[in-house]
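Chains as they are written, first to last, in this note's numbering: chain A, 1 to 333; chain B, 1 to 201.
A couple of the hints might just be wrong.
[What the hints assert, rightly or not] Far from chain B, some chain A residues (derived; all Cβ distances over 10 Å):
1) Ala164
2) Arg199
3) Pro261
4) Ala263
5) Val285
[Stated by the list, open to error] Here chain A is said to cover these stretches of chain B; the calculated rule only asks that three of the stretch's residues, wherever they fall, bring their Cβ under 8 Å from a Cβ of chain A:
6) 60-69
7) 72-86
8) 94-101
[Unchecked claim] Among chain B residues calculated to face chain A with C-beta under 8 Å, some are:
9) Arg19
10) Val45
11) His49
12) Arg89
13) Ser132
14) Leu178
15) Ala186
No wet-lab data here; the hints were simulated from the structure.
Note that the structure is predicted; figures quoted are calculated from it, not measured.
Positions of the beta carbon are idealized from the N, C-alpha and C atoms, including for glycine.
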Amino acid sequence: MTEHDDVRDLLAAWAFGALDPADAERVPPHLAGCESCAAEAERLRETVRLLDGPPIGGLPARPAAGLPPALLSRRPAAPRTAAHAAPYAAAVRGLRALLPEAEGRWATPVVHDWDVHATVAHLLAADEALAGRLGIAARVPASVLPQDTRWEDAWNRRTADVIAHEHGRTPEETVADWAAQADALLATPEARDGELAARAEMLMGIRLPIADHFVVRAFETWIHTDDIGRALGLVVPPPPEEHLERLVRLAVRVLGLALGPDAAPVLFSVSGGEQWVLGSADEPVQAELALDPVDFCLLVGGRCTPEEVPRGATGDAAAVRNVLETAASLAWL
Amino acid sequence: MESTGDTSVPPAADAEVHRRLIYGDESALAEVYTAYGPLVRRIAVRVTHAPAAAEDVAQEVFAQLWSRPYAYDTRRGSLRTWLSMLAHRRAVDWVRSEARHRKHAHADDSALHTVPEPGPGPDETVVDRERSLLLHTALAELPQPQREVVHLAYFAGRTYRQAAVELGIPEGTAKTRLRTALRTLAETLADPPDPALERGA
Numbered sequence: 001m002t003e004h005d006d007v008r009d010l011l012a013a014w015a016f017g018a019l020d021p022a023d024a025e026r027v028p029p030h031l032a033g034c035e036s037c038a039a040e041a042e043r044l045r046e047t048v049r050l051l052d053g054p055p056i057g058g059l060p061a062r063p064a065a066g067l068p069p070a071l072l073s074r075r076p077a078a079p080r081t082a083a084h085a086a087p088y089a090a091a092v093r094g095l096r097a098l099l100p101e102a103e104g105r106w107a108t109p110v111v112h113d114w115d116v117h118a119t120v121a122h123l124l125a126a127d128e129a130l131a132g133r134l135g136i137a138a139r140v141p142a143s144v145l146p147q148d149t150r151w152e153d154a155w156n157r158r159t160a161d162v163i164a165h166e167h168g169r170t171p172e173e174t175v176a177d178w179a180a181q182a183d184a185l186l187a188t189p190e191a192r193d194g195e196l197a198a199r200a201e202m203l204m205g206i207r208l209p210i211a212d213h214f215v216v217r218a219f220e221t222w223i224h225t226d227d228i229g230r231a232l233g234l235v236v237p238p239p240p241e242e243h244l245e246r247l248v249r250l251a252v253r254v255l256g257l258a259l260g261p262d263a264a265p266v267l268f269s270v271s272g273g274e275q276w277v278l279g280s281a282d283e284p285v286q287a288e289l290a291l292d293p294v295d296f297c298l299l300v301g302g303r304c305t306p307e308e309v310p311r312g313a314t315g316d317a318a319a320v321r322n323v324l325e326t327a328a329s330l331a332w333l
Numbered sequence: 001m002e003s004t005g006d007t008s009v010p011p012a013a014d015a016e017v018h019r020r021l022i023y024g025d026e027s028a029l030a031e032v033y034t035a036y037g038p039l040v041r042r043i044a045v046r047v048t049h050a051p052a053a054a055e056d057v058a059q060e061v062f063a064q065l066w067s068r069p070y071a072y073d074t075r076r077g078s079l080r081t082w083l084s085m086l087a088h089r090r091a092v093d094w095v096r097s098e099a100r101h102r103k104h105a106h107a108d109d110s111a112l113h114t115v116p117e118p119g120p121g122p123d124e125t126v127v128d129r130e131r132s133l134l135l136h137t138a139l140a141e142l143p144q145p146q147r148e149v150v151h152l153a154y155f156a157g158r159t160y161r162q163a164a165v166e167l168g169i170p171e172g173t174a175k176t177r178l179r180t181a182l183r184t185l186a187e188t189l190a191d192p193p194d195p196a197l198e199r200g201a
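All chains, full assembly: derive it from the sequences and hints.
Structural data, given as structure tokens:
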């Protein structure tokens with residue numbers, strides 16, 4: 001390239017004032033001797049001058065430090081909760097942030113045979129069990145179930161009933177009811193007080209402190225938000241780190257219970273986090289297994305299979321497979 | 001001098017702040033507002049020439065990020081250029097709607113005199129403002145790859161080499177995009193769009 005070609009290529013950047021000093025020094029000497037470049041330079045610089053417009057009367061007054069309240073109020077205020085309910089509060093905010101993107105696309109298939117509308121209806125049904133224990137009335141007429149229905153069957157039946165009910169309403173109405181129920185859950189004394197939340201309740205076939213049931217709600221809300229995001233072509237980021245840790249810790253505990261005290265012991269860890277010995281405490285560890293925390297959650301949530309989950313594993317392959325398969329079989333959601 | 005406040009933010013940090021915004025962390029909004037508020041205001045006032053309107057545009061831009069965080073997609077560029085382009089688009093829209101109102105109020109002479117005209121003689125200012133708006137409208141309609149480089153070079157004060165690094169493109173590409181963009185703008189002036197068509201659009 002000649003100096004002429006070189007400088008000509010720089011003229012737009014020069015006109016925008018976007019050259020570093022070494023480049024900028026090359027321009028004037030060439031313009032002095034090259035009529036066509038000088039004309040081009042003048043034309044481009046004039047365009048930038050006109051883009052600048054007439055001198056500006058003043059800059060906006062420097063606003064007071066901190067966020068304007070009117071700006072914050074564009075989203076519902078964050079509920080005050082105790083630490084155990086914070087992951088659920090954040091997950092609810094995360095789904096609320098995503099749902100406007102579903103506008104006009106409510107019928108997009110998500111998971112199972114649910115569209116976006118039905119997925120929100122499912123969450124309305126899924127949150128209802130905990131809400132009921134905390135004294136919040138159901139928003140959809142009760143389902144009629146035989147006395148001895150197994151919890152999984154009751155759970156599936158309730159979701160089906162609620163989805164059928166909500167499909168007779170607009171998605172906006174379903175979203176409003178889901179959000180109102182979530183807000184009511186987050187406003188309960190049990191959401192704000194760790195001691196009140198220490199009481200154990202049997203829900204979804206498992207007896208856990210209410211505090212943990214709140215974490216389960218966060219888990220499921222996030223997983224379904226991720227489902228909806230995938231369906232809409234949007235990347236849903238995983239929950240904030242400290243919430244993800246709580247999700248992982250609870251899932252590990254439930255996994256430990258499912259494995260039982262006789263399983264071949266495996267040293268399990270999540271990358272960048274804690275480690276646990278799963279299975280028998282009386283034998284030496286037979287294998288080590290490391291998973292990414294998000295992958296582990298997706299495995300437990302049934303969103304990735306034991307075969308495909310990326311892992312670091314050493315030792316007895318059967319012991320590792322047992323842990324992965326048990327995690328996947330929790331089929332929480 | 002107002003500080004530009006344009007601390008360079010790598011994309012990983014954008015993804016993290018976006019994650020916090022999505023989950024409703026108000027401190028993330030405060031950080032973004034502090035980091036990019038000056039840039040957004042600078043663009044808005046450059047286009048509107050009206051400080052009060054520029055402040056409204058700036059609020060609208062951050063309100064959009066807060067209430068619709070998924071409108072920004074971290075896969076498609078940095079938060080800085082996204083906010084910058086949104087501020088520009090909104091400011092151009094504001095001026096165009098203002099211009100329409102002024103035309104409608106044409107019969108009402110008193111309305112014209114309520115807007116103080118700073119700077120040089122009124123006629124010159126009006127012509128310059130019209131040309132400036134014409135150019136900013138054309139800028140807002142450039143293809144996104146060109147617009148991104150122009151925003152970094154013109155509004156955020158980057159050299160074309162810095163803009164290339166920030167966008168992850170070769171320096172030669174950044175240079176070419178600036179050139180194509182500025183030539184398109186220059187041609188807009190030489191051959192302005194038909195005002196009748198503009199009104200219909």
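Hint-by-hint comparison with the structure:
no., hint, in the structure
1, Ala164, "29 Å, holds"
2, Arg199, "28 Å, holds"
3, Pro261, "37 Å, holds"
4, Ala263, "35 Å, holds"
5, Val285, "35 Å, holds"
6, 60-69, "holds (count 6)"
7, 72-86, "holds (count 3)"
8, 94-101, "violated (count 0)"
9, Arg19, "4 Å, holds"
10, Val45, "6 Å, holds"
11, His49, "6 Å, holds"
12, Arg89, "15 Å, violated"
13, Ser132, "3 Å, holds"
14, Leu178, "4 Å, holds"
15, Ala186, "4 Å, holds"
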